[in-house]
Structure formats: C-alpha cells, structure tokens
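Chemist: Produce the entire structure from the sequences given, and follow the hints as far as they go.
Quick note: the sequence shown, position 176, residue 175 per numbering that gives the first Met the number 0, numbers continuous.
A portion of the hints provided could be inaccurate.
What the hints assert, rightly or not - Computed spacing ranges between beta-carbons, pair by pair: (1) VAL23 with ARG222: 32 to 38 Å; (2) ILE316 with MET463: 35 to 41 Å; (3) MET463 with GLY62: 50 to 56 Å.
Hint data in this document are derived by calculation from the structure and do not stem from the laboratory.
No residue lacks a Cβ here, since even glycine has one placed at the ideal position from N, Cα and C.
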Amino acid sequence: MALVILFILLMCYILIATGQLTKVNRAAVAMFAGAVGWVLYICYGADFVWAMHPKEYFNFLGGAQPDAENVKYFISQHVFLGYVGKGAEICLFLLATMTIVEILNNNGCFDFVTEILRTRSSKKMLWVITLITFIISANLDNLTTTTMMLVIMHKIVANRRQRMVYGSAIVLAANCGGALTVIGDPIGLVLWNMGAVDASNFSTCLAVPCILSCVLPVWWLGRMLPERVETQGFALPYRGDDTNLNRWQRMLMLFVGIGGLWFIPTFHNITKLSPFLGALCVLSLLWVVNEIFNRKLMDVDKMINRRVPRVLQYGVIQMVLFVLGMMLAMGVAVESGLMTNLTSWCDRDIHNVWILAGLSGLCSSVLDTFATAISFISLHGIVDMGHLTMSLDADYLQNFTRNGMYWKILAYSSAMGGNFLLLGSLSGLALMKMERIHVGWYFKNAGLMSVVAWVLGLIVMWAMTAQS
Numbered sequence: 000m001a002l003v004i005l006f007i008l009l010m011c012y013i014l015i016a017t018g019q020l021t022k023v024n025r026a027a028v029a030m031f032a033g034a035v036g037w038v039l040y041i042c043y044g045a046d047f048v049w050a051m052h053p054k055e056y057f058n059f060l061g062g063a064q065p066d067a068e069n070v071k072y073f074i075s076q077h078v079f080l081g082y083v084g085k086g087a088e089i090c091l092f093l094l095a096t097m098t099i100v101e102i103l104n105n106n107g108c109f110d111f112v113t114e115i116l117r118t119r120s121s122k123k124m125l126w127v128i129t130l131i132t133f134i135i136s137a138n139l140d141n142l143t144t145t146t147m148m149l150v151i152m153h154k155i156v157a158n159r160r161q162r163m164v165y166g167s168a169i170v171l172a173a174n175c176g177g178a179l180t181v182i183g184d185p186i187g188l189v190l191w192n193m194g195a196v197d198a199s200n201f202s203t204c205l206a207v208p209c210i211l212s213c214v215l216p217v218w219w220l221g222r223m224l225p226e227r228v229e230t231q232g233f234a235l236p237y238r239g240d241d242t243n244l245n246r247w248q249r250m251l252m253l254f255v256g257i258g259g260l261w262f263i264p265t266f267h268n269i270t271k272l273s274p275f276l277g278a279l280c281v282l283s284l285l286w287v288v289n290e291i292f293n294r295k296l297m298d299v300d301k302m303i304n305r306r307v308p309r310v311l312q313y314g315v316i317q318m319v320l321f322v323l324g325m326m327l328a329m330g331v332a333v334e335s336g337l338m339t340n341l342t343s344w345c346d347r348d349i350h351n352v353w354i355l356a357g358l359s360g361l362c363s364s365v366l367d368t369f370a371t372a373i374s375f376i377s378l379h380g381i382v383d384m385g386h387l388t389m390s391l392d393a394d395y396l397q398n399f400t401r402n403g404m405y406w407k408i409l410a411y412s413s414a415m416g417g418n419f420l421l422l423g424s425l426s427g428l429a430l431m432k433m434e435r436i437h438v439g440w441y442f443k444n445a446g447l448m449s450v451v452a453w454v455l456g457l458i459v460m461w462a463m464t465a466q467s
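Modeler: Now the structure itself:
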C-alpha cells in the first residue's frame with residue numbers, strides 16, 4: 000500500500016508540473032492526493048500504526064484488543080488530526096491576511112500606488128513598482144500582491160510589450176519579497192509554525208540574497224524599456240459612497256492592517272500561540288475600524304462589484320485548497336514511512352545541504368514552489384543536539400536544528416525557483432494568464448538572470464555561514 004500511495008503522489012506531482020499542458024488545476028490535484036492518500040492509508044492502518052506509533056497505540060488501547068475499529072479511531076484522533084491542524088494553521092493565516100487585503104483595497108488604502116506610478120519615465124516606474132511590490136509582498140502573501148499590482152499596472156501601461164516587462168518585474172519582486180519574511184510566503188510560514196526558524200533570524204539571513212535576486216533580473220529587464228513609457232489615464236474604481244473616507248482615515252486603516260501584521264512575530268514570541276491567531280486579532284481590529292469609518296456608507300454592497308476582490312477571492316480559494324491538500328499529502332508520505340527511507344538515502348548518499356538546496360531550486364522551477372518546499376521540509380525534522388550521541392555527524396546535523404541553515408537555504412531556493420520559468424509559482428501563472436507571456440520569452444529576458452542571481456545569493460549565504 001505504501002507503494003500505491005507513492006505512485007499516486009508521483010502522478011500528482013507530474014500533473015502539477017504539467018498543469019499548463021494538461022489544464023488540470025493544481026489545487027484539485029493536491030486535494031485529490033491528500034484525500035485519497037489518507038483513505039488508502041487507513042485501509043492498511045494497522046500495519047502503518049504498529050510500524051510508526053507502536054507505543055502511542057499501545058497506550059491508546061489501554062488493555063483493549065487491537066481490532067480494526069480501534070485502529071481507525073486512533074488514526075483519526077491521534078494521527079490525522081495533527082496534520083489537519085498543521086494545514087489549518089497555514090490556511091487560516093492566509094484567509095486572515097487575504098481578508099485584510101480586501102478590506103484595505105475596498106477602502107482605497109492602496110490608491111497611493113497609482114498616484115506614485117503616474118510618471119512617464121520608464122526606468123523610474125520600473126523601480127518604483129518593484130520597490131512597492133517587494134515591500135507589500137514581504138508583509139502580505141506574494142500571490143495577493145502580484146494580482147493586485149498586475150491589475151493596477153495593466154490599467155496604467157498601454158503597450159502590451161511594456162506590460163510584459165513590468166509584469167515580470169512584479170512577479171520577481173513579489174516572490175523575492177515574500178521569501179524575505181516568515182509571513183510573506185507559505186513556505187516561511189510553515190517553517191515558522193513548526194519552530195524551525197525565528198522570524199528575525201530568518202529575515203536577517205535572507206535579506207541580502209533576496210534583494211540580490213530581485214535587483215539583478217529587474218535591472219536586466221530594464222534594458223528592454225524605452226526612455227518614455229506609454230501610459231493611459233484611468234479613473235479610480237467606484238466603491239460605492241466611500242467619499243466620506245479621507246486620506247488620513249485610509250492611512251490609519253493601512254497602518255492598522257500592515258502595522259498589525261508586523262506585530263504578529265512579537266505576538267507569537269510573547270504568547271507562544273499560533274501566528275494565525277495574531278492575524279485574526281489584526282483582522283478583527285481592522286474590521287472594527289472599517290465599520291466605524293464606514294458607518295454612514297449607503298451603497299456598501301457596490302464595494303464588492305469590482306474586479307480586484309473577485310480575482311483575489313478566486314486566487315485565495317485555490318491557494319488555500321492547494322496548501323491544505325499538499326500538507327495532507329505530505330502527512331500521508333511521512334506516516335507511511337516513505338519519507339523515512341528517502342531521508343536515510345539523502346543523509347547517506349548526498350549528505351550535503353547545499354546540493355539539496357540546488358535540487359529544491361531546480362524542482363520548484365517546474366513543480367510548484369510550495370509543493371517542492373513542503374516535500375523537502377518533510378524529509379527532516381527539528382534536531383535536538385542535546386540528545387545526540389557523539390557517533391553522529393554533529394556538523395551535518397547542525398543544519399537541521401532551530402535556525403539551521405538547511406531551513407533558510409530551502410526557503411530561499413524553493414521561492415527563487417518560481418522566478419526561473421514562471422511555472423513554479425502561482426504568481427507566475429497569474430502573469431502568464433493575464434499578459435499571455437510565453438515561457439521562452441520570460442526565460443530569455445528574466446529567468447536566466449534569475450538563475451544567476453539565485454546562485455550569487457547562495458554564495459552570499461555560504462559566505463555568511465563560513466564567517467559564523
């Protein structure tokens with residue numbers, strides 16, 4: 000049965016990687032892998048439970064006979080729910096941040112972006128839009144940031160070829176900015192939730208590599224732009240009777256939303272509660288402020304009749320289902336013993352975290368960045384050096400401790416792999432769909448330089464490790 004589960008997972012990986020050809024939604028594939036995998040797992044649950052959880056199952060029985068019913072109850076209550084909880088933490092955090100974005104966007108809190116981008120200088124617009132995207136994606140998730148910025152850019156830039164350049168810069172900045180913090184990308188959020196990294200240590204280590212991976216490809220893209228950009232005028236979107244919100248009220252809402260997200264790492268360190276609870280606190284506070292400011296709003300229903308919230312909502316649903324499906328699928332792989340054998344092979348025959356990082360970057364360029372990262376994360380758990388014997392390779396295992404280099408290299412490489420071909424990230428797929436960009440054009444003009452920047456970023460991280 001473990002081999003059957005492995006076959007299903009491999010087929011799902013192939014479908015995810017070839018989604019542009021097969022037109023099969025990767026969220027549906029991930030949910031299928033997670034759901035069917037657990038159904039197959041429970042069919043042979045006794046063998047898996049005795050192999051992976053013999054002591055826990057024996058205590059659960061409490062002297063009762065180990066029959067099929069007891070096995071199913073043990074799996075559902077003590078094995079399955081644990082992975083549901085891990086996936087739910089990520090999904091609830093994403094839902095909270097997406098709702099924060101929608102509230103801010105509906106109240107015009109991001110209208111300052113269009114005001115800043117009103118320039119005819121192509122280079123200035125390129126770097127301004129890159130900087131704004133980088134900063135926003137470090138606080139929100141990269142898919143939401145990409146979608147919002149692409150919609151804004153599409154309304155400003157008239158020339159399609161120029162939109163392709165600006166859109167590529169947006170994706171690059173969103174992926175790099177999201178990788179910089181533990182709340183900007185689901186990969187960092189998973190590592191933070193499992194206790195593999197601290198928020199400050201993670202961002203400090205990835206700051207220079209992420210900036211480098213953003214600046215170099217964007218500079219290369221800028222060589223394609225003329226001196227003057229072709230812009231088109233447009234009116235700000237109608238949100239109903241929202242004229243009673245002045246600039247200071249919108250800035251206050253933006254401060255509450257974005258500033259609250261900045262406080263989440265501190266909230267987690269103080270309370271030790273899951274970060275999604277901090278995100279819900281920020282959302283509830285912003286919601287109250289929104290109700291106070293809009294208490295005289297007459298046409299509130301018209302606020303949802305806009306393109307951006309619909310796009311964000313569709314993207315959010317896909318991302319949440321995809322993340323949950325992949326978390327459940329990896330749970331099946333771990334509980335069936337597949338990851339144990341693969342981990343032993345990697346530790347014995349590869350025995351190098353930098354090679355593993357290179358593999359994760361290459362895999363995420365054609366597979367999905369989150370699917371790649373969660374697969375490599377499942378290979379190793381947090382290592383407690385205090386319980387190791389001297390016969391083990393302490394230098395190698397040091398990479399898998401809390402704030403170990405493996406986690407940071409993996410997060411960086413997996414996220415940057417989405418910049419190589421656009422196929423590995425939902426942000427890249429959104430750009431391909433909106434501007435009809437071909438993979439060959441992107442790789443020639445941005446992807447190749449992204450690979451070079453990724454390698455330089457790894458060299459910087461290696462130099463930082465050597466100095467420490």
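Chemist: Is it true that ILE316 and MET463 lie within 35 to 41 Å of each other by Cβ?
Modeler: Given about 39 Å between the Cβ atoms, the range holds.
Chemist: Could you see if the CB distance from MET463 to GLY62 stays within 50 to 56 Å?
Modeler: holds (55 Å)
Chemist: Is the hinted range of 32 to 38 Å satisfied by the C-beta distance from VAL23 to ARG222?
Modeler: holds (37 Å)
Violated hints are absent here; each numbered hint is respected by the structure.
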